[in-house]
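S.K.: Chain residues, written in single-letter form:
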Amino acid sequence: MGTIRKNRNFHQARWDEPFIMDMGNPGERGIIISEVEEGAQSDVASLIPAGFARKTPPKLPELGQMQVLRHYLRLSQETIGADLNIDIGLGTCTMKYSPKINEQFVRSSKVNALHPYQDESTVQGMLEIIYNTTEYLKEISGLDDFSLQPAGGSQAIYANVAVIRAYHEERGEGEQRNEIITTMLSHPGNPGAAATHGYKVITLMPGKDGHPDLDALKAVLSERTAALLITNPEDTGIFNPQIREFTDAVHAVGGLCCYDQANLNGLFCLTRAKEAGFDMCHYNLHKSFSSPHGCQGPGAGAQGVVKKLAKYLPSPMVRYDGQKYYLEEGGPASLGKLRKFYGVPAVVVRAYAFIRSLGQEGLKQVAELSILNNNYMLEKLLKIKGLTMPYADGVRRLEQARLSWQEMTDETGVTTDDICRRIVDYGFQDYFTSHHPRVIPEPFTPEPVESYSRDDIDEYVAAFESIARECRENPELVKTAPHKAALATQIDEDGINNIKRFATTLRAFRKYVEKEA
Amino acid sequence: MAGRGRPWLNVKRILFENASLLYGTKRAEPGFAVRTSETMERRINVDDNFVHPYMPNSAPLTRKAMLDFLGVSSVEDLYRERINGPLRFDGRMNLPEPILGEHDLKKHVMGILNTNTTCEEYDSFLGAGCYNHHVPAICDEVNSRSEFLTGYCGDTYSDHGKMQAIFEFTSMMGELVDMDVVSYTNYDASQAVSSSLRMAMRVLVAEGHTDRTRFLLPATMHPEVLAQVREYCGPVASIELVGYDKASGLMDLADLRGKLDEGGVAAVFYENPSYLGFFETRAREIANLAHGAGALVVAQPEVSSLGVIESPANYGADIVCGEIQPLGMHMQYGGGCAGFMAAPYEEKYIQQFPTYMYGITTTQNKGEYGWGRALNYRCSHGSRENGNEYFGTETGLWGITAGVYLALMGPEGMRELGEHILQKCAYAIKVLSGVPGIRANRFGGANFQEFVVTFDGKRVADVNAALLAEGIFGGKDLCADFPELGESALYCVTETTSRAQIDRLGAALKKIMGGR
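Heads up: the protein sequence lines correspond to chains A and B, in order. To convert, note that position 289 of the first sequence is 289 in my numbering; the numbers rise steadily by one, no gaps. To convert, note that position 407 of the second sequence is 407 in my numbering; the numbers rise steadily by one, no gaps.
Just chain A, with the same shape it has in the complex:
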């Protein structure tokens, strides 16, 4: 075993940076825009229509370039990115390593300086990568066609819902099939996207096995069923072995089945959407296929469908005629546009490089090592008294698990939110508890993806062992955490929950909130 630090006595940088809007002085400059060359100049006032000249310049800061850089570097130091910590805590987010070589690809001018309307002959490389990535995803899913236009996972879910509507409408059942079934432990993007597209949402709760019950599904199926949107495994990490029976039952009433595979990490090359009977699936390319998450994007979604649904995919599609790659406009059935241009090609380039660096055997290893890491971690974590794994006792989890600190809370009064703040003092990202509502009490959802070493996992577990001791010996220490983070006092939650104190801009805060206070 390599050397690990069980307690690093970590302390995050704390710079107490002012708001950048308050920094600098009039006349200081961060950058200068090129002057218009002689002979090309004109009187600006004459070029602005009457009444449209800006009367008051925008109140942006005025400060030197180094000062701007320093400010943002300091803010970066008050942020824990996945590169800097053992980011096992953000379960369901698949915080894997994003290879730096892939970053070099997308930051080269050969990607950065491409305009989306360039002549196709000048972007053959980009189109080749998009095309080949869709070909690989067809293999990985077993489905027949893919669009990489969705700009994120939830937009891919939305795109699948749009296909569901188009399919039923074309069959004259658009009005009748107005219900979409999803599960409580699927991502809120599923009910959210279904409702956005006007569907009534039916939500299945987890059954005694930790996954939805087949009979519960059958009880809500009818001629009104448009589709099932389901994740497997859900946030619990429990793979539903009856998934094929689920899709068969939905098909039996004429509905479609859509697999939320935002997180494919525990399934790569072990089981596919096709064999589970799905008509559609989606992948978050920034998760399973490795792109840095960028403080919430840009990501990319891949929308996969079976043949009969391919005509509904967004426009355009990238095709290959044996000699050249080209953009093909969608036909009359296409759902049209989801996002300007072609989605987020840089994420596709990274996904392409990730697949190429691994091949099938490597991708299978991704799944196997995610499962191995998770089970290894759980075996250790669950030795901590006060931490339990609800549902399906004795059933192995795949790549993640939803745990509960309820017993710890009962015993010590320390909650998962307290522990989530305290873990930051150990140099880790705060962890993902659960989406709302919290079906499992005092939740904690770790996901030790394939990037983490055994030593990493041991260090991560050791931090929770230490916090568990603190919960019993010095609960106040945990309840008042964090102590060593950049922000080492707790916020007044009322300020973000009370609309009377709401502000997302400094001007609103000063005008309306501080003034009131």
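Accuracy of the hints is not assured; some may be wrong.
What the hints assert, rightly or not - In the PhoX-like style, the derived pairs of lysine-lysine whose C-alpha atoms are separated by at most 20 Å in a straight line are:
id	chain 1	residue 1	chain 2	residue 2
1	A	K500	B	K348
2	A	K364	B	K64
3	A	K100	B	K107
None of these hints come from the bench; they were simulated from the model.
Chain B: place on chain A using the hints.
M.R.: Showing chain B alone in chain A's frame:
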């Protein structure tokens, strides 16, 4: 590689049997490390693991120790009980062999990408919703930082700096558009426009106006944005286009008035400048007409103009939204796009925003601030299907980057940017006006950044092909989207377009048009 005993070690029996399948499909590709039969044999014989630098526990000893700890002999023992029978996939996928050496991977991927020709290599006059502005070095420096690049949804306590950076972005956007409420980023401007329209509708519904189900949009707007509005708003509203004056391009106010008089309009949308480059100089009248009919006004300004041009917030717009790609993002083949939404500080608007809002709040220390996801019940992450629309991982890194850009630019930088573009655009129109057979600036009015060029007796496709041969990306062909404009193209210049490039374009077009 195998000689160093690293990769490709674990090949299970089934793969051993299928070795010819596995290795038999080598493709001769540039930079691809082709395996010899000798190395393959060695790899297969060294049974155990596929060791990969992205997966430390693929090391055989570690992996075995972990399996031993769990008391199982293979990982399959951990999932066999759940994934089996027809669900279990055990076939070969038609995927290429892995490229294990980093250098080989670089050669392979860059080999493909290098076949692209960029807007640095050719002179580009393409805009149409994605712009070739200068990206300050600091923008790339900051968004390359691992902390921001690989951060995600860490919150108040782990990512205090990120939260502040987001708040500074929304605060500076608030200054740029002169509005008090700005949300975190959207997927792109199309999403921002679509969500702003639905938000306007919800505002009215909440006031009891459930009969307002029509959106009026300008017929001159960006076709891709329109296509997305149709897709996204179609389930809840009817999308209707307001005609335009054929001479000036401006919105046809008589048509607008007529459509408003029919009743049921929730929102009127316009772009200023329009997709076709001209200023919508009657925007105030549009707002007055809309408000007079009880509808809200949603407007998209061009953010790079706002150092010199008034924000629509100050001439009647209720919701201001749009694209932030010009603020420090590379074009990235369209991937640099990101949207924003802004509204006045009124509860009726705040309640209807669909995405995360990072709200500021006080802490236990006087003078110290923290942030959190505010009023989360509004959105699908707080209320699932009962929230306002859906959202997900959108474009956070671009929001932070736009904040860096605005901080660097300051009011002077934004003024210089706007003034430069206005002048360059006027110069380009002047140069192209000197080309026979071309109607530069077809609509004749004041423009920002873009203008419609109509060709007499030549097809745009042919003109662009001829320009391409000269190393020039001509303007966006408008023929498919605006057939009524004849053979027309949308030309774009920014502060990165040099006078020399415009002169060269003029000369090339003279040559091309001379041969008509």
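S.K.: Just pull the numbers of the violated hints for me, sorted ascending.
M.R.: none
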